[in-house]
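J.: Chains as they are written, first to last, in this note's numbering: chain H, 1 to 303; chain Y, 1001 to 1159.
Check before you lean on any hint, since a few could be wrong.
What the hints assert, rightly or not - If you only want the chain Y side, here are some residues facing chain H, beta carbon under 10 Å, derived:
| id | residue |
| --- | --- |
| 1 | VAL1012 |
| 2 | GLY1032 |
| 3 | LEU1079 |
| 4 | LEU1152 |
| 5 | ARG1154 |
These are computed hints drawn from the structure, not numbers from a lab.
Just so you know, even glycine gets a beta-carbon here, dropped at the ideal spot from N, CA and C.
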Amino acid sequence: MPRHEPETRPLLLGERARGLPLVVLALLSVGLMVADHRQHHLAVVRQWLSVAAFPFQWAAQAPLAGWAALQERFAMRTRLQAENTRLAADNLALRLRLMRFASLEQENYRLRGARESTARIVQRSLIAEIVRADLDPFRQRVLVNKGTRHGVYLGQAALDAAGIFGQVARVGPVSAEVILISDPAHAIPVQINRTGVRTVAVGTGRSGQLSLPWLPQSADVQVDDLLVSSGLGGVFPPGYPVAQVTRVERDPTRPMLAIDATPLAALDRDPEILLVWFDNVIVEPEPQAEPAPPAAAPAAAAP
Amino acid sequence: MTVARSLSASRVAVLSLAALIASVVPLPAAVGFLRPDFVALLLLWLVLLAPRHSGLVYAWCMGLLLDAFRGVLLGQHALALVLIAWIALRLRLRVRAFPLLQQTAVVFALLWLNEFVVFWIDGVAGQPVTDWMRWLAVPVGAACWPLLARLLERTTSRT
Chain H
1 MPRHEPETRP LLLGERARGL PLVVLALLSV GLMVADHRQH HLAVVRQWLS VAAFPFQWAA
61 QAPLAGWAAL QERFAMRTRL QAENTRLAAD NLALRLRLMR FASLEQENYR LRGARESTAR
121 IVQRSLIAEI VRADLDPFRQ RVLVNKGTRH GVYLGQAALD AAGIFGQVAR VGPVSAEVIL
181 ISDPAHAIPV QINRTGVRTV AVGTGRSGQL SLPWLPQSAD VQVDDLLVSS GLGGVFPPGY
241 PVAQVTRVER DPTRPMLAID ATPLAALDRD PEILLVWFDN VIVEPEPQAE PAPPAAAPAA
301 AAP
Chain Y
1001 MTVARSLSAS RVAVLSLAAL IASVVPLPAA VGFLRPDFVA LLLLWLVLLA PRHSGLVYAW
1061 CMGLLLDAFR GVLLGQHALA LVLIAWIALR LRLRVRAFPL LQQTAVVFAL LWLNEFVVFW
1121 IDGVAGQPVT DWMRWLAVPV GAACWPLLAR LLERTTSRT
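Start from the sequences, fold in the hints, and give me the full structure.
T.: Right, dumping it as C-alpha cells:
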C-alpha cells in the first residue's frame, strides 16, 4: 500500500477541521447549559469552578488594590487627622440620632403591640469586601470575598451604609456573586415611605437608576419620595431605604406612571458591603382582626 | 506574516491565563463595555497563525473557564468559542495567506459570530442584554487584531 501522507501532514499542520469534534463539543456545551439553567444540577461543579477562579479574579484587581494600599500607607498625617475628626463628629451625630430612635422603637413597639415588634430587623451582619472584577459591563453584578464558609446563603440581602444594595445571586465556598438592585433582572418590593403605597422597583441596567413601572396614574407619588423596602417576599428586611424618586411622568395616554428613582446605596463606589441576617418571620394576617386587611401585593421577590 | 513556531505548552498556558485575567481586569465604567474579548482573540491567533496548539478542545476549555470567571451560564462561551475555532480551522490555510486587512476582516466576522452566539444564548436563557453598545466590543477587538497578532508573534519568536 503506497503511503504519501507525509506530503499533506505539514501543510495541514496536524489537525484538520473535522465535523465530529465540533458536534460533540457543541452538544456537550448545550447539555451543560441546560443542566446549569434548568435543573441547577451543576451547583457543585460551579462551586469548585468558583473556588478555582477566585484567585485569578482576585489577581486581576490586585494592582489596583495594591496601589490603594500604598496610598493608604503613605497618607498624609494631617489628612488622617482630619478624617479622624470628621469620623468622630459623624459618630457623635449618629449616636444622637440613635438615642432618639431607641425611644421611637419603644413607642412603635407599644403601638403595634408585641406581635410584630422586633421581628425582621437585621440582627447580624457580615462585612464583605467587593472584589473589583468586571464580570459583565451590561449586568450589575459584583463579586465579594465571602462565601458559604462564612455562612453566606443564596438570596441573602446585602446593604451598604446608605441603603439596600442587592442580594446574593450565586454563592461559592469563598466567594459570592451579588446582584445589584439596579440589574435589569432584579426587582425589589418597595413601599413609598410617605404614603405607604406598595410597589416593585426594577433595575434598569444603569447603576444610578431604578424604575417603578407598575403604579397606576392615580397613585400618589412625588419627586423626592423615599422608597423603603416593604419586606414582602421575605428577601429584604423591611423598612430599609432603597431609593429616592427623581422623576414622575404623568402621561394620561398610558395606564401606568413612568417613575425613575435613584438608589441610595452607592452601587458603583462601595468598597465593601454588609451581608445581613434577620429573622424572617412571615406574619400571617389575623383572620378576625380586620375584615379587609390592606391588600398585600403578591410577593414579587427578586429572581 | 510569518508563521510563529515552536510555541511551548507552558507559553500557551501563560498566554491563556493572561487573556482570562485581562477579560475581568477592572476598567472604568465609561470604557468597560469596549473591552475586546481577549480570550477569543488569543484563540483565533492560536488557531490561525500558530500551529499545533490550535484545537477545539482548547477552545472549549477556555470557554468554560471564561464562563466560570464571569459567572455566566456554564457552556455559553464554550459553545461560541468552539464554533469560531472550528470555522477558523477550516479557513486557516487561506487566512494565513491573506494580507493583514483581509485577515482583520475575517477576525471581525468571527468575533461578531462569537458575540452573537453569546447574545443569542442569553436571549434563550431569558436574560437578554439588548443594549446596542454591547456590539462595540467587536470592532474594537478587530481593531486590536493587527497589533495583538504582531505582539504575540514577537513574544513567541524570542524562544
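J.: Answer holds if the nearest beta-carbon of chain H is closer than 10 Å to that of GLY1032/Y; otherwise answer violated.
T.: holds, 4 Å
J.: Against chain H, run the beta carbon of LEU1079/Y and see if the smallest gap drops under 10 Å.
T.: holds, 4 Å
J.: Minimum Cβ distance from ARG1154/Y to chain H below 10 Å?
T.: Status violated, d = 21 Å.
J.: Hint VAL1012/Y vs chain H: min CB-CB distance below 10 Å?
T.: violated, 15 Å
J.: Checking hints one by one. Is LEU1152/Y an interface residue toward chain H, by the C-beta closer than 10 Å rule?
T.: Violated: closest Cβ of chain H sits about 17 Å from LEU1152/Y, beyond 10 Å.
Figure legend: structure checked against the earlier numbered hints; hints not met, in rising order: 1, 4 and 5.
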